[in-house]
Structure formats: C-alpha cells, structure tokens
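Residue numbers (the UniProt record's numbering), protein chains in the order written: chain Z, 1 to 452; chain S, 1 to 343; chain H, 1 to 378.
Hints are computed from structural coordinates only; laboratory data are not their basis.
Heads up, a few of these hints could be off.
The calculated PhoX-like cross-link candidates involving lysine-lysine, where the alpha carbons are at most 25 Å apart (straight line), are [stated by the list, open to error]:
no., chain 1, residue 1, chain 2, residue 2
1, S, Lys128, H, Lys213
2, S, Lys128, H, Lys210
3, Z, Lys105, Z, Lys70
4, Z, Lys313, Z, Lys224
5, Z, Lys291, Z, Lys313
6, Z, Lys376, Z, Lys172
7, Z, Lys70, H, Lys326
8, Z, Lys97, Z, Lys70
9, Z, Lys306, Z, Lys70
10, Z, Lys70, Z, Lys291
11, Z, Lys97, Z, Lys376
12, H, Lys210, S, Lys150
13, Z, Lys172, Z, Lys224
14, Z, Lys335, Z, Lys376
15, S, Lys150, Z, Lys306
16, Z, Lys97, Z, Lys291
17, S, Lys150, Z, Lys70
18, Z, Lys224, S, Lys308
19, Z, Lys105, Z, Lys376
20, Z, Lys335, Z, Lys306
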Amino acid sequence: MTLSTRGPTRRRVLQTGMAGIIGSGIAPMIFTKGAWAQEFCNNPTGDTVTFGLNLPLTGTYAEEGADEQKAYELAIAHLNGEGDGGLLNVLQPSALKGNGILGKKVAFVSSDSQTKSDVARAGATRMIERDGAIMITGGSSSGEAIAVQGLCQEMGVIFMAGLTHSNDTTGKDKRRYGFRHFFNAYQSGIGLAPVLGQEYGSDRVAYHLTADYTWGWTQEESMKNATEALGWQTAAAVRTPLGATDYSQYLTPILNSGADVLILNHYGLDMVNSLTQAVQFGMRDRQANGKDFQIVTPLISELMAKGAGESVKGIFGTSNWHWNLQDAGSQAFTKSFGAAYGSPPSQAAHTAYVQALLYADAVERAGTFYPPEVIKALEGHEFDGMGNGPTIYRAEDHQCIKKVLVVQGNESPTSEFDVLNVVQEIDRDTVTYDPAIFGGDLGPAEPVPMCA
Amino acid sequence: MFDVIFLQFLNGLDKGAAYALIALGLTLVFGTLGVVNFAHGALFMLGAFCAVTVRMLLTMETVTIDPEQLSPWGSPLEIREPLVQAWLGDFGAVLVNYSVPLSILITIPIMLLVGIALERGIIKHFYKRPHAEQILVTFGLAIVAQEVIKSVFGPNPIPQPMPTDLRGAADIGAFLGMQANIITYPIWRLIYFVFAAVVIGGVFAFLQFTTFGMVVRAGMADRETVGLLGINIDRRFTIMFGLAAVVAGMAGVMYTPLLPPNYHLGMDFLVLSFVVVVVGGMGSLPGAVAAGFLLGILQSFASMNQVKAIVPGIDQIIIYLVAVIILLVRPRGLFGRRGVMEA
Amino acid sequence: MTNLMSRNDLLLFAGFTLVVLTMPIWLAPFGAGYPDLLQRFMIFGIFAVGFNILFGLTGYLSFGHAAFFGVGSYAAVWSFKLLTLDAIPAILFAVIISGLFALVIGYLCLRRSGIYFSILTLAFAQMSYNLAYSVLTPITNGETGLQLTLNDPRSLDAVLGQSVAGQPVPNLLGQPLSGYAGFYFCAGFLILAFFLAQRIAGSPFGMMLKAIKSNQTRMQFTGFNTRPYALSAFVISGMYAGLAGALLAVTDPLAGAERMQWTASGEVVLMTILGGVGTLIGPVIGAWLIKYFENILSALNDQILARFWSFLPDGAADTMVAITGKFVGDGWFLTLGLVFVIVVIFLPGGIMEGVRRIAGMFRRRSGSSPATRTQPAE
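Please model the complete structure; the sequences and the hints are all you need to start from.
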C-alpha cells in the first residue's frame, strides 16, 4: 500500500476534494484504505470525518486526560451544531458553520496513552491505521507530544498537541505537522520571574526539584535563567524520576542546603505528591537566611491545586488559562462546560477544546482536508476570542503566542474548584521570543507521506 | 554535614520501616505456607482503600440542588451538608479528622476475612503446585484486585488528609538538645515508623511467646511431623495467611496520608517488596526486616547530592544493585536457608 | 536425531507459515486486519518464542527479558541514525548487541537458580530501565524516546549519496517498510524464528536443556557442566528478544524506555503461560491473544456495546452495557486478569493443554487410543 503516488498537485487535490464531496456517502470509511482511493492519509470519503483523541486516562497525568476527553466531546458536539455552540460564537475570525467540517459530521476514536510515550505512539498508529483518523490530538505530557508529532510527520497526519509545556515541542523537536496552542516553559519563566522578584526580593537561593524528562529539563533551564537574571542564586537542581511517589529522600537535603526557595518543576500527580510532602516536611513554616522559606510551582493547574488541597495556598505559578477569566470567550466556555459536566473546565480542557476548533476552522478556510493546505491555513493565523486575547499561530515554530497567566493558590476558596487566583495577565508582547533560540527544523509538508 | 546525614538516616529508617513491614507479611506467607504471593502488594492496596472507604462514609453529604442560584460555571448551585457532623456534632468532626487511624479498626476484620477467603478459596489448591504457578495465579489475582478497585474508585489517587494535629514537622533536633529548626521531620512519618516497629515486634512476639506461634513455627520447620502429632496445622496456616493480610492492610492504611492511594499502589510496591524478601533470604523473618531497613537506608543515602555527584544515577538503581551484589556474594540472601526456592 | 524434519514437525511448520501469511485475510473479519496490529502479532510472537526457549526448555523463569527487547530497539534506532536507514544492518546490529548484553547478564544470573535467578534478572532489567530513563538520556533520549531526525548523520547513506525528503523512515533496499510491507517483513522473521526454535527443541542441545529442567542436580552428578547449555539458551533467547525489539523499531522508529520496564517482562511471561509453556506454538498464540485483547477490547466503548446489546429490551440492554463495560475499554485488563487466573487454575498447560484435552476427548469418543495427558509444563 506504500507504492502510492507522491505529492499530488494542488489542482488534483481540489479535484479529488470536490469529487469526495460530490460522491460522499458511497464508500464506507473503514477497510477501504487502498492507495488508489485517496491522495493523502485517511482522506475522508464518507460523510463523517474522524478525530483521533490520544488521552492519558491512567498514569501520572490521568486527571488532565479525563478533563481533555470531556472537552473534546464538547468541542465535537459544538462543531456538529449540537449544544449551545460554545466558543463557535466568539471565535474571530471564524469559518465554522456548525455543520461539521466541510459538511462532514465529526466523529472520534480515543486511546488511553497511560502517560507513556511508547503507548501514546502505538495508540496514535492504531487510530490512524485502523480507525482512519484524519487528525490526532490530545496528550498531557511533552514526552508524548514529541513522540506522537514525530509519528504524525511520518504518517502525514496533522497533530494538534494537547497540554505540553516543554520548550522542545515547538523548539528543537518541532515538526511541520505538529501544532501547539499551550504556552511553554520559557514563557512561564519570563512571566513568573518579575512577580517572584516583586514578592520575594532579589537575593534568594533557589533549589530545583525537576521531573526527569524533556519538559522538566526545559522548565528547570527556563526558570534558572529567569530567576538568575533577577539576581537569585541556584543552590542545586535535582532530577526526580517521572511518576515517583515518595519524595522524602529528595526533600530532606533541601532543609539545610542554604536554599530559601524550592522550585518544583513537576506536574500532575508528581506535583501533588511533591508539594504535599514538602509541606509535610515543614518547608512552609521554616526560616532560611533570615527569610520565610517559599515554594514555587512554575506550571500549575486547578486540577493539581485541587489535589494538593491546603498545601497550595499562596503558592505562585503560571497557567495557560483559568476558568474565572472575565472575557467573553472564557465565560462562554466555562458556562458551556459547566452545564455539560457540572464542574468548571481546567486549562487542559481549554487547550484541547480550542485546538479542535482551530483545526476545524483551518480546514474550512483551506477548503480541503489535504494536510499541507491545512498547515498553510494554520501557519501565521491570527485569531481572537478564545480566552487568551489576540493570538497568533506562529509560522516559524507552530507555537501560539498569546497572554500568559500568573496565578496564586487561593487562601480562602469558596468552592472546591475555586483554588487559584489570577494575579496577573502577562501580555503577548512580553512573552514573545525569537523562535530561532531553540533551533530545530520543521521539515517539509510535501511530499505528503502516505500511511498504510 | 551531620544534620544532613542524620536526616537522611531518619529518612532511611522511615522508608526501611515501610519496606520491612510489607516484606514481613510476604515472608510470613512464604515461610508458613510455602507460597510465593504476588498478590501481597494488592493486599496492601486493599488496606489503603479500606481507609478511603471509611473516609468516604464519614464524609457523606446530603446534596440539595438550588435551581435559583447558579455556580460561577453555570450549573445549578449544590448545597452540601455533611451528614456525620449533622448527627454527631463536634464528635463527628473529630471522627472525620481522625479517619485514617480509625479505619485501622475496620481494616483488621476486613483484611482478615479477605485473607482467609483467599487462602481457602484459591491459594490452598496451590500448595502442591510449582512455585511458578503460584506466582502466576497470585499475579493474576493481583491484576483482578487492582482492576476492580479501579472500576469502583476510578484511576485517580484519592488524597487522605492526616489528622490536623499530626500535620507538619516535629523538631527532633531541639528534642535531643540541639539547635532548634535544624533537624525536623514530619510527625506522620515518625508515627509510621513507630507503628511499623510495634507491628513487627508484635508479630515476632506472637510467634515467639504464644503456643499458637510455637506450633506455627514447628509447622514451618516440619509440617508433616506436626500433622502426625494430631495438630490441625492447616487451620493455623489459614490464620497465618489472614494475619499476613492484616499486616499488609494496616501498612496500607497508615501509608495513605503520605501517598494518595490509587489502584496501582500495590504494583508499585510489589517489585520492591520482593527484592527485599529475596535479599533477606526467602522464608526468614529477621532477614526480611533487616533487608528492609538496609535497603531503605541505602536508598536514602544514595539520593544525597554528594553521592550522586560521584556516581550519577545511583539513586535510581541502588536497591537493585545491592540486591544483585548480595545475591551474587551470598547465594541465599542475608539469612536464607539452603534449598529453599532454588529449584 | 535425523537431520530431516519429522513429518509432524514439517506439517506444523507448513501450517504455521500458512496461517501467518494469510493473517491479513482471516483476521479482517475480527477487526484485526490492519498493519500495525499485525506487525505487533509478529513481533511479540518472536519475543514469546524466544522467551520459551529459555523458560519452556530449561525452566529458568526470567523476569527481565524486556531489557533485551529494549536494547534491541535502541541498537536498531542508533543504526538508523548513524549508519543507514536500511533495516538489515539495524537488525544484525541489534541482535548482536542484545546477544552480548544477554551474555553478560546471563553469565551473572545463571550462578543462581529458582526465584533467586528470577530476582537477579528482574534487578538487572529494572536497573537498565531506570538508567535508560535517567542518566543514560544522551543515549536513550529518556522519557521521550529515541527518534529519527532529518539531521542524523547516517554515514553509510551519505556515502551512497542517498538523501531523504521529509521524516526519515526505515526501508529495505530502498522500499519503505510501513504498512503491509512491514507486516510481511516481520512475518518472514517470525517464520524463521519459529523454524529455528523448532530445530533447537528437536536437537541434542534441546534435549540437554530439557534435562536441565527436569533435574539439574542429576545432570551435574553425571559429570555434565550444565551452565554453558543454560547460558547458550539464555543468550539465544536474549537475541530473539533483541530481534523483536529491532523489528518494533523498524516498523515504528522510536525506542522508549517503557518497553524495558518489569511490566513488559511480565507481559511476555503472561503470553507464554497463557499459550502453553514448553510448546512451540503456544507462546505465539498467547502473544497474539494478549495483543488482540489489548487492541480490540480496549477500543470498545459504551456506544459499541449499546449497539451489540440492542436486541435486548431497553432496561436489560442498559444493564448489560454497564456490566460488560467494566470488562472492555480501559477495563480490558480485568478481563485479562480473570482469564489468566482461570487458565492457571484449570489449565496449567495453557491454551495448548486445552486444545490437547479437547482433541483427546474426540479421540476417545472415536474409539482410538486413549488420550495421554501430556506432561504439564511448568
């Protein structure tokens, strides 16, 4: 099935696209994946188009995965014109019509990635080969995102990353077929450092505990650079295995290390465990160098804050988005999600939802599912109304540039979801950076690879 | 430097206590019944979920939905009324606060029943079968147990707060007459250590000083002869399995405030506890305890930055490395007997 | 021992080859006729056949075979990165490296037997896993996994003047190996692996291994040094695992540390036991069943179940959906655990023993020779 014609011209694509629309509903979708039947991977020939949702439903980031799933189901309902339409009403500019994508109903298949790169990749392969997914989306770890976007480049399928915060995703490991809406560690550093300087002064000694994989490393580096620019010193940076449960042996050396700030470069359950245990070790009641000992969690979400409970009060971090933002987009999404599931959405849910809409919008604007055209439609696309203010999908590295939130654990929550306060919205210009600093190579969009 | 080493030593004792406690139950089963129980981790996990269940029952709420008011995310406001406090007032609040230690009282009978049912229902039929099959059937049971828990409680960990009075850290340095605030250690971890020591001591005393224990020990040494003396050793062995389940369950309960339990908790501990048991020598109770503390302390020290600077990554492999070295130098672990589990 | 294969062996081999090569056809109605899963059937088949050479023949239960599988994957990906995108050098390289790795670990572990051997292999595998995950990141790329990139050196390809456009993918003499091409490539190796295993089991060497299993001490008393035989079996079995790991990297050029974790080692044990230890075909069937369950059961969701039970009245259908829903989707592991417990309790010889018993019943009924219960494999 691999001896396919390579690199169809734009004309031919448009022709087949038209033919596909005219002749839709004839061939059943599955098991007709002969090379002759399509010009690119999983060209939808029926009256539905399938998204592949790659979600960590078990493992360290399981809570985020479950929330992403809800968001995708909501987004797909909205795209198909069901429900209250959610963010379809506020996206500016929008080509979405609420009748599916290019007139085809959106369906989905999903796979549990177990928060493991290997499994995520196997799941994505399965959804592309067996279920005919036109686009893969989701994931809650940068390891997964990087592994899966490499696969998608190989298969010629667009990957709309879910929650991934590593600089590498749109840096050294960026891919032409991969797109990220979420912000990154570098932007967290730029956004968070001034607030830390203001709150904790400029002569602090930081001690990092870092999840030992791509995201942890880049966040550690970004936080180190940003805080050292403030005048802070770094006492030590210690790597802990992803998915560790007992952090006690990493916490005791901090107590008398001379550090007065602990920076936890952890996420998900790792963060819940390390933060809770750090507080149990009395870190927040301590004095060091004549100052109150502080803990900082550079990337935090309301799910984790909820998990950590009491421990998170007053702690600073950054978020991509938060449900109690007051703009129309955020409100619309929170209402829509709250009505469907009885709880406000997390930042993982938000980014997942927005990614699904942005893909659909790009396809509508391109007028075809042919990936290189969709990629062109996404690259350099400016939009607004999705809760983060004016946003651009940068063509150079496929990174969304938009506002970043500095948040703080709520001292007196009014409900179990009201755990974070937005302290500051860092505007887009401040967190813009030169894509060249992280290197990497997007690779070509054409010729389009053919999946089996 | 002294304070760092002392703290890591404390930490090692604490970890070691956890390892020793879980390895103790494993060894009890192996030593008495001769069964390699891969479901032991699952028993630990079940104990932890006894605590979860107790807390869930204690924190039951009545939910009234007020359609007039809306929550900030647009769904009707839910007004929650905790039941136990409503019935019992302040005493109810105390119950909720102390739910973790209290659940031990309920865990003991439950785990005893679970253990006895498991032994009578399945394990009993595997006494004469090869060890490989014992490993496999108990491994299968462990999978079933964890999946059942997953489908009831979901895949995410459920935090179990420790009683408010026992949060935070105790200043051990000041207690020992040193400068304040140098050596502090979380109170709950100290409690866990004492608890483990008491349970381990209790098990040893039970085997050493009671008639029941004496018979069991005799049965461990020579089952047939004890049987010929007209003593029903099978029944006693069943009770021993139940006892091992209780020990594992209690260890699980007390561990929940340190680590929010999820369905996978048992598997995380399983491999480790087997390494501990084998390093100690299969079937040796003192071996299991000694190996538990040894590995816990070594793991703590290997995580020190000064050590890692010399041997990078040592904190990740120290337990396995020590296990390999001990097994290669001492063929049957620290206190193992000849001919046990070698075929 | 004759050099020719016995008629039964030949039949078995021919039948096996036929079944494997026609898989895309007869598996399609079961929803498994897509290349990725078929490739996995082949790859884990090889892994299980290899594992059985050690566990089935000598009785040494290794809990660390995933390490060799992972080493094979890493070696293959490095060959793609440094030498050439062609699959053959990568596979050779992977088999050699994993063989050497198995030689070292086997030499140490085989000094002990029984559970001490198992724990030693487990310890080595966990060390490999933890190191691959942390300090060996320059070699393994840690959690993300080792991937191919456009700017890899690929010195051999560079010498031959071959360049790639787009994402580099492994090939065979210039033909890409994705999809069904990849399946047939792996199928060829599975058939070869099966053939070799068949020859090994029937050879004097195989007899020696079986003798180790039945009574090692007696063998030693008669003056045989058993360790070289056990070590050879260990290395061969490690090379099989390396081959399987390399093939996984060929069909999907990413090597992640998870495939070295103890759960991966446990999985191959489950496959072998489920199918039938000590039989040739059993482990392969076990591997296929587990991979099938993993991919098919885990993909079933409530909608599909609702359609399946739709013939029942509404209330009953909903109850059935709720009940069966616990056993599929992300609950498929529960099904696996239950099946596994039942197999171990009632059919210690695995599925192959079940097949033999049924065959025995038929034979008895037709009045021919009474079925002899085959030695249960342990």
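(message) For a quick check of understanding: which of the numbered hints are violated here, in increasing order?
(response) 10, 12, 14 and 16
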